[in-house]
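Participant: Chain H: place on chain L using the hints.
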Amino acid sequence: MIKILSDKLHIMTTKQVITDADFAKLVKMTKLTLSDEEKVSIHSQLDEALKEVEVFDELDLKNVVPLSHPGSLQNIMREDVVIDSFTQDEALSNANAKHNGFFMVSGVLEDQT
Amino acid sequence: MSDLSLLTVEESRKKLDAKEISSVELTTACLDSIAKQEPDLHAFVTVLSEQALSSAKVADQSIAKGESLPLLGIPISIKDNFLTKGARTTASSKVLDGFIPPFDATVVRKLKEAGAVIIGKNNMDAWAHGSSTETSDYGPTHNPWDLSKLPGGSSGGTAAAVSANEVIGGIGSETAGSIRQPASWCGVIGFKPTYGRVSRYGVVAMEASLDSPGPLSKTVRDSAIMLGVIAGHDVLDATTPDIAVPNYLKDLNSNIKGLRIGLPKEYFMKESQAGINDMVMKSAKQLESLGATLVEVNLMDPKFGIADYTIIQRAGVSSNLSRYDGVRYGNDRTYFGKEAKRRVMLGSYALSSGYYDAYYKRAQQVRMLLKQDFDRIFSQVDLIMSPTAPSTALPIGSTLNEAMFGELSDLLIEGSSLAGLTAVNIPVGLLSGLPVGAQIIGNHFQEQQVLNAAYAYEQKVNWKEIKA
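If you're matching them up, the sequences are chains L and H in order.
By our numbering, the letter at position 55 of the first sequence is numbered 55, and the numbering carries on one by one without gaps.
Every position in the second sequence, counted from 1, becomes a number in our numbering once 1000 is added.
Isolated chain L (complex conformation):
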């Protein structure tokens, strides 16, 4: 069934859409760890997914206003009043590493010398 549907949508592709350099940049930017197998399979799967978007070419999008939200969003205002929030202990309750009541994070500035 899935094969019949993907055939209908012509989404199988061997064409590379994302360049190898862009793919490597994406992995770094998203801070993900990919196995060698995943690097190959995910790259081709992303290419397939982007191939789908070619159907947009069939539509006239000139002068179409982009829609970011299905409702009619408007700015919501409220009184600036203090409400109860977490205690420090509650906020830290799920942290793997803490120190003197603070989250412990990995170093950002490292010695580059």
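Certain hints may be false.
To be verified - List of simulated lysine-lysine pairs, DSS-like, C-alpha gap at most 25 Å:
no.	chain 1	residue 1	chain 2	residue 2
1	H	Lys1085	L	Lys98
2	L	Lys62	H	Lys1371
3	H	Lys1338	L	Lys15
4	H	Lys1338	L	Lys28
5	L	Lys8	H	Lys1085
6	H	Lys1112	L	Lys51
7	H	Lys1303	L	Lys3
8	H	Lys1265	L	Lys8
Keep in mind the hints are simulated off the structure, nothing from the lab.
Facilitator: The following block gives chain H in isolation, referenced to the frame of chain L:
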């Protein structure tokens, strides 16, 4: 006494109020049903036995004092992407394994305030990414109708639990199909409210302009009860408009005379599994026999919805999953599964400089066209009806190497989700022993009309007797 886990929400309410049964008895019956069936189904990530029994005792005391609340003493299960204070919430991802939320989602708070006994957290596709429950880091849920089949997803655990009478009712969430499609595959009612009708606060976010929590239930009346509890404006979610919540149960009306129902030609696809279109068409004819008028309409080809959803949803995922750093809670990003990695990367690509206009901006423009297309149809008809999914439940293992499985099985749903519409899945028959679902889609905030049509069908037809 017969097996109490078979009761509906409404039947439970009556028996509890009449003191024919206690909440402890009802909760125990559900826990027994869970204990008996879980080894086969795996519909739960976490069963909250002790907490549930303790809530049931409190509920019994309240009932003894004469209190009555819509869900007082009734065991409900919740998809594991709703934050539950003090109870592990994983969204079926090992990234959140061991995460104990310090607060309740608004939906959970409302369920508790309505007296519900939270009996456990249901399995789902990890992060709700999928339509199979097979991408769960805790293993797949099995379909109660045939254990070798998938339950659908992402709210597959909830759909299976309701279908197998492990619980009295359940709460899921839908971004595009995650309530309707598993409801279709498991033969239950699955109700997707209008975007903004139910608060997203405290729900592990997937795509902020699409996510919609909603009930999965044994009957339409039960969905009306649960929707009434969870719907409404929330100061903690600015996308919930301050529109009064009707009394969905009280206003439920099976008189659908004069209702105009559109049947979109493009949604009765020739590629769908043989028998599905016929069965759904027959269910539409049943509504016609009750006084509704059927109108053939044209909607944009579902292929546009799929492509559009793929870009919009991935973009949302890449943004929403960027917060998981393993510092404040949860494990680090090495714990993400393959599906999450795929989605984060595609979304980041579509949003990145140089590609934004070609992908994300164009997707938002197509979204506008999809919405305008539905606006046009709703100027001609009151409701739209079509198959929910192009197939009945597929075998366990079907998602293997099928990166687009979720989108393809939600092909007939994505457009209406992008347009923010409300819809319900109703079971309409059995095809080779597996449930077939029809979806009834309504315009924004027309939940009552959708419920009424579903109720009219349910009153008229015993779907389990319709076989092909």
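Participant: Does the structure keep Lys8(L) and Lys1085(H) at a Cα separation of 25 Å or less?
Facilitator: Answer violated: Lys8(L) to Lys1085(H) is near 45 Å, above 25 Å.
Participant: Would the hint linking Lys1112(H) and Lys51(L) be met if the CA-CA limit is 25 Å?
Facilitator: At roughly 46 Å apart (the allowed maximum being 25 Å), Lys51(L) and Lys1112(H) break the hint.
Participant: Assess, step by step, whether the Cα of Lys1265(H) is no farther than 25 Å from the Cα of Lys8(L), and give holds or violated.
Facilitator: At roughly 16 Å apart (the allowed maximum being 25 Å), Lys8(L) and Lys1265(H) satisfy the hint.
Participant: Between Lys1085(H) and Lys98(L), does the CA-CA distance stay at or below 25 Å?
Facilitator: OK: Lys1085(H) and Lys98(L) at ~21 Å, within 25 Å.
Participant: When you check the alpha-carbon spacing of Lys1303(H) and Lys3(L), does it fall within 25 Å?
Facilitator: Judged against 25 Å, a Cα distance of about 15 Å means the pair holds.
Participant: Hint check: Lys1338(H) vs Lys15(L), CA-CA at most 25 Å. Holds or violated?
Facilitator: holds, 22 Å
Participant: Just to be careful, I want the Cα atoms of Lys62(L) and Lys1371(H) compared with a cutoff of 25 Å; is the pair within it?
Facilitator: This hinted pair holds, its Cα atoms lying about 16 Å apart.
Participant: Between the alpha carbons of Lys1338(H) and Lys28(L), is the straight-line distance 25 Å or under?
Facilitator: Status holds; Cα separation ~16 Å.
Going through the hint list in order, the structure does not satisfy hints 5 and 6.
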